[in-house]
Each structure stands twice: as structure tokens, then as C-alpha cells.
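Peer 1: Here is what each chain is made of, one letter per residue.
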Amino acid sequence: MSSPSAFSLLVEKLSYAYGNKVALNDVNLAVEAGDCAVLLGPNGAGKSTLFSLITHLYNSREGGIFIKGYDVKRQSCQALAHLGVVFQQTTLDMDLSVLQNLYYHASLQGMRRKQATRRIEEELDRQGMLARKNEKIRQLNGGHRRRVEIARALLHQPSLLLLDEPTVGLDVPSRKGIVEHVHALCEDDKLSVLWATHLIDEIYPSDQLIVLHEGKIKAQGSVYEVCGGESTDDISQAFKHLTQGTLR
Amino acid sequence: MKLGHAVIALKGIIKRELWRFLLQRERFVAALVRPLVWLFVFAAGFRSTLGIAIIPPYETYILYEVYIAAGLIGMIQLFNGMQSSLSMVYDREMGSMKTLLVSPLPRWFLLTGKLMAGTFVSILQAYVFLLVAWFYDIQAPWLGYLSLFPALVLAGLMLGALGMLLSSFIKQLENFSGVMNFVIFPMFFMSTALYPLWKIKESSELLHTLASYNPFSQAVELLRFAMYGQFNGYAFVYTLAAFVIFMTVAVWGYNPSKGMMVKKAGGPS
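Here the protein sequences line up with chains A and B, keeping their order. For the first sequence, position 238 (counting from the first letter as 1) is numbered 238 according to my numbering, and the numbering increases by one without interruption. For the second sequence, position 81 (counting from the first letter as 1) is numbered 81 according to my numbering, and the numbering increases by one without interruption.
Among these hints, one or two may not hold up.
[Unchecked claim] Heads up, simulated DMTMM-like pairs for lysine to aspartate or glutamate below, C-alpha to C-alpha not over 20 Å straight-line:
| no. | chain 1 | residue 1 | chain 2 | residue 2 |
| --- | --- | --- | --- | --- |
| 1 | B | Lys199 | B | Glu65 |
| 2 | B | Lys15 | A | Asp95 |
| 3 | A | Lys190 | A | Glu180 |
| 4 | A | Lys136 | B | Glu17 |
By construction, these hints were calculated from the structure, which means they are not laboratory data.
Hey, can you work out the whole structure from these sequences and the hints?
Peer 2: Put into C-alpha cells, the structure is as follows:
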């Protein structure tokens with residue numbers, strides 16, 4: 001395999017367990033620059049555990065995780081500087097305004113006020129949220145909160161964006177908007193994305209697909225390759241085969 | 001870690017804590033009303049409780065209100081430390097703690113920053129309380145208000161670190177009432193905040209021993225002496241040592257591979 005720095009994200013032989021319950025078992029995956037990699041798996045497959053390990057909220061004892069070549073365990077600050085994250089649960093401060101939330105994040109990333117203001121305006125504009133910058137998060141609907149979170153994750157211009165089921169609980173137009181926007185980011189900005197989901201309609205034919213089930217990688221490759229491996233041209237069917245009937 | 005990055009992040013953490021504090025006006029009022037009720041009501045009832053004893057750092061007979069003032073500043077910081085702890089548990093449950101923890105800075109620095117932000121807020125509260133107390137004729141020498149500042153910093157850090165340590169062990173917000181009953185109240189009542197040690201000794205040896213070893217007592221004594229421009233070396237060393245211990249355990253508690261973060265998730269194998 002190439003050197004870790006050749007990938008935006010490289011996960012090697014990663015295992016993790018809660019007590020006796022194995023959550024991840026010998027997981028290997030790679031995301032290259034500009035890739036939109038969809039991590040597909042039913043609930044309880046281990047997606048959130050994998051995200052907690054990549055973001056260094058947990059530490060792995062077995063295996064390695066590298067972001068832009070930096071070891072998350074040993075060089076966590078350098079690795080996390082290249083990472084933007086949108087967690088499954090909203091992590092915005094409800095009582096603060098959009099701007100206050102974004103300035104807070106910018107300061108944690110070490111951005112000076114002038115630079116932060118410029119980047120905040122750019123990202124909010126891109127998300128169509130600039131006019132709402134002074135509103136409190138509590139006043140925004142779920143779709144708008146997600147857009148603010150995506151804007152926040154991109155403020156410091158990371159190389160890798162992690163999205164942990166970002167469309168859960170959103171209405172269809174909001175979901176569609178977010179899926180389209182993230183795919184545009186990969187194409188236009190060459191941003192690498194790892195998108196965890198259990199919703200098949202969020203996958204584009206151009207995506208890289210990683211199927212996770214019961215803590216193991218069941219298949220990995222382009223949509224075409226994964227479907228081909230299961231002798232079908234339908235992602236739903238391929239997913240069903242790979243996860244033995246756990247399809248939603 | 002670059003110094004410039006650390007300074008910007010620290011300013012951001014403190015600013016956020018201030019925004020939140022100013023938004024929660026009830027919290028500000030409660031933080032002020034609590035010690036003032038003790039001062040105006042409780043202390044008035046116990047006005048002559050100290051008799052004619054002269055105890056350092058006071059150079060003459062004092063009213064109970066004067067004695068209790070330092071204890072009430074300690075109370076502000078104790079409750080603020082616990083409030084920060086509560087907000088950390090809340091942030092963790094709501095997920096906003098993750099925003100902090102995935103920042104590209106060492107975890108010990110992020111936790112210390114959070115602690116400093118909480119301490120800063122508690123110092124503001126303490127000086128507002130002192131201003132009100134000044135009009136109630138509880139007046140320290142002018143120099144005392146200055147020399148109190150470093151004592152407030154250390155006492156605030158120690159009590160905040162205790163709150164942080166507790167927050168790393170509390171699994172859910174609902175468990176917080178236990179902290180009130182088993183930590184805050186015993187710490188406050190078994191201390192020199194309300195009565196001097198000699199007075200406690202008169203009624204119970206055991207209580208006297210517990211009060212002497214209670215780090216909150218030492219923090220209160222540090223504040224009391226500082227308020228009168230004096231330095232209590234023993235209280236300083238004791239409070240500093242307690243801070244170092246509490247902070248070390250708290251950082252361990254938030255360590256992604258060893259501490260309570262993992263145990264809460266079910267524990268690694």
C-alpha cells in the first residue's frame with residue numbers, strides 16, 4: 001500500500017471493542033483527495049464508533065488512523081487540523097447566534113478575527129445562510145442548522161470532511177440540498193468526504209462505496225465495482241446481499 | 001501547539017463562556033442572590049456568634065457578617081465550579097463538547113482553557129458581590145481588593161477543576177443532584193466558610209478534623225487572608241496541591257484512551 005500521506009484518510013487494521021462486544025474488526029479503508037466515500041451500513045454497524053476513533057474522541061489500541069499522513073493517535077493536533085466534522089447529533093450552541101457559533105469554532109482553529117470574518121461570510125454565503133447570521137440557532141429549522149454545521153466544518157478549509165448521518169431527521173428537500181452540496185464540494189474543491197449513512201438514495205454513481213456491517217468491511221470500491229461484485233446493478237440489492245437482509 | 005493559536009483559542013473559549021453567562025441572566029442573578037441572602041439574613045441572625053475572639057487575619061473584634069464574607073466568596077466560586085461542571089455534562093449530552101474536543105489542540109489545554117473561562121466568570125461574580133457588600137459596610141482595605149485577585153484565580157481554578165473532575169465521572173445530567181447532596185453541601189458546611197476552626201472544635205473533634213482537611217476550607221482561608229492583604233502560605237500550598245490533583249484526574253478522565261470517556265461508552269477491551 002502507498003504511504004499514508006498519499007491519502008486524505010487511511011485506516012489500517014483497526015479494531016475496537018466495548019468490553020466483550022466487538023464494534024470494529026480489522027477495518028481497512030482509504031479515501032483519496034476529491035473522493036466522496038459513502039460509508040454505508042445499517043444501524044449498529046459501527047459507523048459512529050469509527051467516527052469517534054477518527055476524530056480522536058476514542059483512542060484505538062489496535063490499528064492505525066492517518067489523516068493526510070498524520071497519525072491520529074500520536075500526532076492528533078496535526079491530524080485534526082485537516083479535519084472538518086459534522087456529527088450525527090447537532091453540536092451547535094442553541095442559545096448563541098450563527099455568527100457566535102462560527103466565531104467560536106474559528107478561534108478553536110486558531111483563526112484571527114479578520115480571517116475568520118472573511119471565511120464565515122464566504123461559507124455562509126455558499127450555504128445561503130448569510131442573511132440569517134445573527135439569528136439564534138434555536139430559531140433555525142433542522143435543515144438550516146445542518147447547513148450552519150457544514151459551514152462551520154469547512155471554515156478552516158480542511159482536507160477531509162466527515163459527515164455522520166447528517167440528513168437524519170430532515171425533510172426531503174433539505175436532505176436533497178445537503179447531498180447535492182456535499183457532492184459539489186468534492187467535485188469543485190477536491191475536498192475528500194467520508195459520509196456515513198444508511199440511506200441508499202444518498203449515494204451518487206460516482207461515489208466510492210464502503211459497506212460496513214457488524215464491525216467489518218464487507219465491500220469497498222466504486223458503486224459499479226461493489227454492485228458488480230454482488231452480480232447486480234442495483235445498490236439496494238448489493239447492500240441486501242452484503243448485510244444479509246438488514247436493508248431498511 | 002503554536003502560542004498564537006493557543007491565545008486565540010483561549011480567548012474564544014472565555015468569550016463563549018461569557019456570552020453564555022450573560023445570556024443566562026437568571027444564572028447571574030442566582031449567583032449573586034444566594035450569597036447575599038446568606039449575608040443579609042443568615043449572618044444577621046448569627047451576628048454575635050464569634051463573641052470577643054480575635055482571629056487572624058482580623059486585627060480587632062469583627063461582626064459575623066465580616067467573617068462570613070470570605071466564605072461567601074468561596075461559595076460563589078464553589079457553586080460556579082459546579083455550574084461549569086453541570087454545563088460540561090450538558091454540553092457532552094448535547095454534543096457541543098465534541099466541538100471542543102476535536103479541535104487541533106492538546107486536550108489538557110482545551111480543558112484548562114475551559115477551566116480558566118469558568119474561573120474568569122466566577123471572579124466577575126465575586127467582585128460584584130464585594131461591591132454590594134461594600135455598601136453593607138463590609139469593607140476590606142483597598143489593597144485587599146487587589147491582593148484578592150490572585151487568590152480568586154487559584155481558588156476558582158481549584159474548585160473548577162473539582163467540578164471538571166466530577167463532570168468526567170457523571171454519566172447523565174440527572175445524576176447531578178447527587179453532586180449537590182454529596183459534594184457541594186458537605187464541602188460548604190464542613191468548612192471554615194461559616195465558622196472558624198476553633199468554634200467547630202468546641203462542638204466536634206471529628207468535624208474539626210474534616211473541616212481542616214477540606215480543600216474548600218483552605219481556599220476560603222486563602223481568600224480571607226488575601227482580602228486583608230495577607231498571604232496564608234499553608235492555605236496557598238494546600239489549594240495549589242488540590243488543584244494539581246483534581247486537574248490531573250480530570251484530564252485523565254477526559255483522556256480518549258484511559259479515562260471516563262471510554263468507560264461511559266462501555267469500555268475498551
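Peer 1: Going through the earlier hints one by one, which of them does the structure break, listed in rising order?
Peer 2: none
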